[in-house]
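So the protein sequences, as listed, match chains A and B.
All residue numbers for the first sequence refer to this note's numbering, where the first residue is 1 and numbers rise by one.
All residue numbers for the second sequence refer to this note's numbering, where the first residue is 166 and numbers rise by one.
Bear in mind the hints are in silico, worked out from the structure with no lab data behind them.
Honestly, I wouldn't trust all of these hints.
Here are the simulated EDC-like cross-link-like pairs (lysine to aspartate or glutamate), alpha carbons at most 20 Å apart as the crow flies [stated by the list, open to error]: (1) A:LYS60 - B:GLU298; (2) A:LYS45 - B:GLU310; (3) A:LYS60 - B:ASP278; (4) A:LYS45 - B:GLU335; (5) B:LYS383 - B:GLU310; (6) B:LYS277 - A:GLU55.
Derived list of chain A stretches under chain B, where covered just means 3 residues or more per stretch with a C-beta under 8 Å from a C-beta of chain B [what the hints assert, rightly or not]: (7) 29-35; (8) 85-97.
The structure presented is a predicted model; accordingly, all values stated were derived computationally and were not measured.
C-beta: ideal position from N, C-alpha, C; glycine also.
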Amino acid sequence: MKKILFLLIFPYLAFSQIEINGTIKDEENRPLAFANVELYDENGKNLISYTICNEFGQYKLNSTPGIRTFRISFIGYENLEEKKQISSEQTVSFNLKSAPQVIENVNITAKALDLIIHEDTTDYNLDNLTNGSEENLNDILKKLPGINIDQNGKINSNGKKLTIY
Amino acid sequence: MKKKITILLCILVSLCQAQTLKVSYLEKINLADSPKIDVSQIQGAEMSPGLEAMVQKMIEEQNKKNSEGKEYELYSVNGESIYQKTEVKEVENEAITTITLNEKDIFYRNFKDKQITNQTSILSKTFLINEDEKSFDWQISDQTEMIGTYKCKKATSLSEEGLVAWFTNEVPISTGPRQYYGLPGLIVKLTLGTLTIEAIDVKIMDEIVAIEKPTKGKNVSRKKYNEIRDEKLNLNDNNNNNEGIRVKMIEI
Chain A
1 MKKILFLLIF PYLAFSQIEI NGTIKDEENR PLAFANVELY DENGKNLISY TICNEFGQYK
61 LNSTPGIRTF RISFIGYENL EEKKQISSEQ TVSFNLKSAP QVIENVNITA KALDLIIHED
121 TTDYNLDNLT NGSEENLNDI LKKLPGINID QNGKINSNGK KLTIY
Chain B
166 MKKKITILLC ILVSLCQAQT LKVSYLEKIN LADSPKIDVS QIQGAEMSPG LEAMVQKMIE
226 EQNKKNSEGK EYELYSVNGE SIYQKTEVKE VENEAITTIT LNEKDIFYRN FKDKQITNQT
286 SILSKTFLIN EDEKSFDWQI SDQTEMIGTY KCKKATSLSE EGLVAWFTNE VPISTGPRQY
346 YGLPGLIVKL TLGTLTIEAI DVKIMDEIVA IEKPTKGKNV SRKKYNEIRD EKLNLNDNNN
406 NNEGIRVKMI EI
């Protein structure tokens, strides 16, 4: 009799959303404002839900029951991944360890601007604009955006005459 | 004594970041979809072939600039972020002033107040738009892609048609270019119609950059601003400059 009752209740639990809340803090228990909280499934691959902490380091998430992987991250701190069994509404809080000071600088696509325009001079990035086949200054000038060489060989830029130093 | 110290520690406010995230983005507009303007159709003073050629060239240059990309910077620290164009001075042509749209777009976001402030200008009039944050209803794909050295996931907005973003949780700040944010990590690439915004440099600075909320411009609602913008982009009969050229630009 007891067994049957349990079986009847179990399927209902499997589909309900459970609210999880908590606070993310550092090692000194100071709250980390706007820390990242991600909830993955048991193998840590599929993202189920995510949220950002508020200014007090508090968060609230929904999850279906089961084993879940929490991934907490924050700039300047070590990422934390932890598996927890979620079966009912609960509070799950974490403490992050500060990461060693690393100043990252990642160039995804280092693309220099072709030209930088100042008041009355324009700097051209010749590396980007030429391909080595240019024989003389004329050839290079023809390739620069905004420069025209008219029939008399006079050079002008956007309608204004240019003087070459 | 111990009890008192423990209570004191608990009252301490949330820990502030001591590092600032700085991202350089490149905004590009797909050249194939840029407005095609036929110079001979432009209303206004009659133009000599020479002048016509010059105007055509200027428009081509503007299109070329759009496709080459404009550089913007994003700074984010302590629950605030600001996105603005990297400063480059334009040379004004003596005969005609190049009409540039939305060159001074600044987006400021306050994570705590959940507010976005957008300072923007059209034809030298500046506007200030304050809006509540909105949800983009991101649907995140499980597949990962590499963008630069970052492992990214693709997210599609269910509320804004055509909006697709790629983000990385390796940079755990829920921010991105313009008014786009809300993913569990930095938005590294974003496409919306013909517009593509891509991060070209990501830096974590070991200092706190002071972020200033923009305050210049006439305070208007987003709705009112859209009305004003549509009005200004059409043929403006009030243009007092007889030497000027009136152009109808189609918003991309």
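Each hint, compared with the structure:
The straight-line distance between the Cα atoms of LYS60 of chain A and GLU298 of chain B is roughly 18 Å, inside the 20 Å bound, and the hint therefore holds. With a C-alpha separation of about 14 Å, the suggested pairing of LYS45 of chain A with GLU310 of chain B holds against the 20 Å cut-off. Using a Cα cut-off of 20 Å, the hinted pair LYS60 of chain A and ASP278 of chain B holds, with the two alpha carbons roughly 18 Å apart. The suggested pairing of LYS45 of chain A with GLU335 of chain B holds, with an alpha-carbon distance near 15 Å, which does not exceed 20 Å.
This hinted pair does not check out: LYS383 of chain B and GLU310 of chain B have alpha carbons roughly 42 Å apart, beyond 20 Å. A hinted pair counts as satisfied when its Cα atoms are at most 20 Å apart, and LYS277 of chain B with GLU55 of chain A qualifies at roughly 6 Å. For the stretch 29-35 of chain A, the assignment as covered by chain B holds, since 7 residues bring a beta-carbon within under 8 Å of that chain's beta-carbons and 3 suffice. Counting residues of the stretch 85-97 of chain A whose beta carbon lies closer than 8 Å to any beta carbon of chain B gives 0, which falls below the threshold of three, so the coverage claim is violated.
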